[in-house]
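Novice: Each chain, written out:
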Amino acid sequence: MSAELRADKRPVARSRRRVRVGPVVMAVYLVFLLVPIYWLIIMSFKSNSEILSSFTLFPDNFTLKNYRTILEDPSWYMGYVNSFIFVSLNMVISLLVALPAAYAFSRYRFFGDNHLFFWLLTNRMAPPAVFALPFFQLYSSVSLFDTHIAVALAHCLFNVPLAVWILEGFMRGVPREIDETAFIDGYSFPRFFTRIFIPMIAPGIGVTAFFCFMFSWVELLLSRTLTSVDAKPITAIMTRTVSASGLDWGVLAAAGVLTIIPGAIVIYFVRNHIAKGFALGRV
Amino acid sequence: MSLRLQSVSKISNGETHIYPTNLELQKGTMNVLLGPTSSGKTSLMRLMAGLDRPDTGKIFWDGADVTKKRVQDRDIAMVYQQFVNYPSMTVYDNIASPLKIQKKSSSEIDAKVKEMAELLQLTSVIDRKPNEISGGQQQRCAMARALAKDVGLVLMDEPLANLDYKLREELRFEIPRLFEASGSIFVYATTEPEEALLLGGNTATLWNGQVTQYGPAMDVYRDPLDETTARVYSDPPMNFVSVRKDGAGVHFPDGQLTRLNEDLASLSDGEYRAGFRAHHLEMSDNQSGSIEFEAELVVTELTGSDTYIHVDVMDERWIGLMPGLQTFEVGQALKICLDPQNFFYFDKDRKLVASPNRKPEESGI
Numbered sequence: 009m010s011a012e013l014r015a016d017k018r019p020v021a022r023s024r025r026r027v028r029v030g031p032v033v034m035a036v037y038l039v040f041l042l043v044p045i046y047w048l049i050i051m052s053f054k055s056n057s058e059i060l061s062s063f064t065l066f067p068d069n070f071t072l073k074n075y076r077t078i079l080e081d082p083s084w085y086m087g088y089v090n091s092f093i094f095v096s097l098n099m100v101i102s103l104l105v106a107l108p109a110a111y112a113f114s115r116y117r118f119f120g121d122n123h124l125f126f127w128l129l130t131n132r133m134a135p136p137a138v139f140a141l142p143f144f145q146l147y148s149s150v151s152l153f154d155t156h157i158a159v160a161l162a163h164c165l166f167n168v169p170l171a172v173w174i175l176e177g178f179m180r181g182v183p184r185e186i187d188e189t190a191f192i193d194g195y196s197f198p199r200f201f202t203r204i205f206i207p208m209i210a211p212g213i214g215v216t217a218f219f220c221f222m223f224s225w226v227e228l229l230l231s232r233t234l235t236s237v238d239a240k241p242i243t244a245i246m247t248r249t250v251s252a253s254g255l256d257w258g259v260l261a262a263a264g265v266l267t268i269i270p271g272a273i274v275i276y277f278v279r280n281h282i283a284k285g286f287a288l289g290r291v
Numbered sequence: 007m008s009l010r011l012q013s014v015s016k017i018s019n020g021e022t023h024i025y026p027t028n029l030e031l032q033k034g035t036m037n038v039l040l041g042p043t044s045s046g047k048t049s050l051m052r053l054m055a056g057l058d059r060p061d062t063g064k065i066f067w068d069g070a071d072v073t074k075k076r077v078q079d080r081d082i083a084m085v086y087q088q089f090v091n092y093p094s095m096t097v098y099d100n101i102a103s104p105l106k107i108q109k110k111s112s113s114e115i116d117a118k119v120k121e122m123a124e125l126l127q128l129t130s131v132i133d134r135k136p137n138e139i140s141g142g143q144q145q146r147c148a149m150a151r152a153l154a155k156d157v158g159l160v161l162m163d164e165p166l167a168n169l170d171y172k173l174r175e176e177l178r179f180e181i182p183r184l185f186e187a188s189g190s191i192f193v194y195a196t197t198e199p200e201e202a203l204l205l206g207g208n209t210a211t212l213w214n215g216q217v218t219q220y221g222p223a224m225d226v227y228r229d230p231l232d233e234t235t236a237r238v239y240s241d242p243p244m245n246f247v248s249v250r251k252d253g254a255g256v257h258f259p260d261g262q263l264t265r266l267n268e269d270l271a272s273l274s275d276g277e278y279r280a281g282f283r284a285h286h287l288e289m290s291d292n293q294s295g296s297i298e299f300e301a302e303l304v305v306t307e308l309t310g311s312d313t314y315i316h317v318d319v320m321d322e323r324w325i326g327l328m329p330g331l332q333t334f335e336v337g338q339a340l341k342i343c344l345d346p347q348n349f350f351y352f353d354k355d356r357k358l359v360a361s362p363n364r365k366p367e368e369s370g371i
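In the order they appear, the protein sequences are chains X and C.
Numbering of the first sequence is given in the numbering used here, commencing with residue 9 and proceeding in unit increments.
Numbering of the second sequence is given in the numbering used here, commencing with residue 7 and proceeding in unit increments.
To be clear, the hints were calculated from the coordinates, so they are not data collected in a lab.
All the given hints hold, so there is nothing to weed out.
One side of the interface only, derived from the structure: several residues of chain C facing chain X at Cβ under 7 Å:
#1 Gln-78
#2 Val-90
#3 Ser-94
#4 Ile-107
Cβ-Cβ distance ranges computed for the label pairs, FRET-style:
#5 C/Ala-70 <-> X/Gly-271: 57 to 63 Å
#6 X/Tyr-116 <-> C/Pro-42: 26 to 32 Å
#7 C/Asp-68 <-> X/Arg-117: 29 to 35 Å
#8 C/Arg-59 <-> X/His-123: 25 to 31 Å
#9 C/Glu-114 <-> X/Val-274: 41 to 47 Å
#10 X/Tyr-116 <-> C/Glu-186: 39 to 45 Å
#11 C/Glu-200 <-> X/Ala-112: 42 to 48 Å
Note that the Cβ used here is the ideal one computed from N, Cα and C, for glycine as well.
Turn these sequences into a full structure, and let the hints steer you where they fit.
Specialist: This is how it looks when you write it as structure tokens:
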């Protein structure tokens, strides 16, 4: 009898404790994650003197001067434009190349398909720095240096394999019978692919585009090596803002905030499928 | 319109899926492929559809060789066991999709889609997406799309297998009606003999990648030409016992002897396998001429209105169908009886030599 009672009580007590601990742990973790972002944001609204002189949790003299500097000076805002151009180019090229490749891997058996599929991923095991030198020399000699397409192509080396892997996972989830039914219905392959297949894996395409964006947007080394003026990305500009008067802390912080925003917007659209993307589409 | 398979075979990964098969399906016929799981029903259908290429043999459509013709250019439609629809399109667009490819006028498409939706009771869900309707409706949508195309050959690969009992019954009665309306050659794969009989037409029984017999459903059911066909076309499978025939009659393994009536007297002496269907196994001996056996009950299965009993008799396991709900103890000794009138006799090569409605003379022995 008493044993039964105890057995009854224990889970209740345990669950109560869990209710109390859970939110606290969560809150601490969230604060830990958000502190640097908060600090970046308040810095962007402070003047340089306030940043350097005092410790304030909220700007004493709220100012938009830092943002104005960025949005009015072409040497700053062109960084964003350049980044956008090569990131978009890269996303488009990666998807156009990876979609047919992923379809082939998901639907056909051919000689060495498994090895080739794995070999694709080994490209990602080398650090980008390894490729900086060959790319720099190659692009200089074919006069692609300091163009958007140069950076986009260089990033494809890393993004195409990833895109193939993610898309293949999503495509494998589509039953082959759908393809066959479409062919029986009379669809030609291109028509089937664009009208029926692409809409079915739309979330996968969104996630793939996001992962390409994520790599290309934050990648610094290749994009800095392969550009000088015309195609210089924002991340590279941010690392070179040491002026005669020292670091311009406020402007740098504002640039940082503006760099985070596009990523936050993009991730919002794929938030429901992102986990599947991290698992390379295999959930 | 006719479909002819000429010694068509399929081997993949060194495994023979379809042994060389000859089959001719005529215009406007219902053809049922009957066989257990992995007997080659789907493989054969994929060959007919052109989704797979045969390793040997040729396929003729209306006398023309279509073996190498693309799926897109063939006069076919197919319904899968899984409910295959285009998830991003509404029911309406699903049914209309093959018609749009055929470049029909929009008024013609509209009329056809509405007609098919009416026929398959999809009118109320016509604007919904496939994942917003029930499984039965999804399969009806797939059928509507297949039939809207107005093709010469409609392939249905166990279309009812994934549906629940009620819906299956419902659609099972609709299929002959749809078939009548279409005038196409229907090929319908199923694992259930009952379904093959219900749909009628012709039955091709399949076993391990071989068509063991093809002919009108009732003929194949009444006179399965070999033991395998008899097993396939019987649910539960046909029961067998080894017997020896001589001048005196038929000897059973337990020593019992039964006299043969005149029409079976011409059966030559020797060893045979005698087969009979589950519902011919009976409990009480109220008929003259029936033989009684001692049996031990192994399992009983209640279906609601009937009872299946599995019994061990003379080293054989038999299954009997008893009317009503019977309560037996497992291990109980039972007296069962059989009427030799109902026996099918198969020779050493497992070929049919006599059946209840086929005398030895007719089979040429």
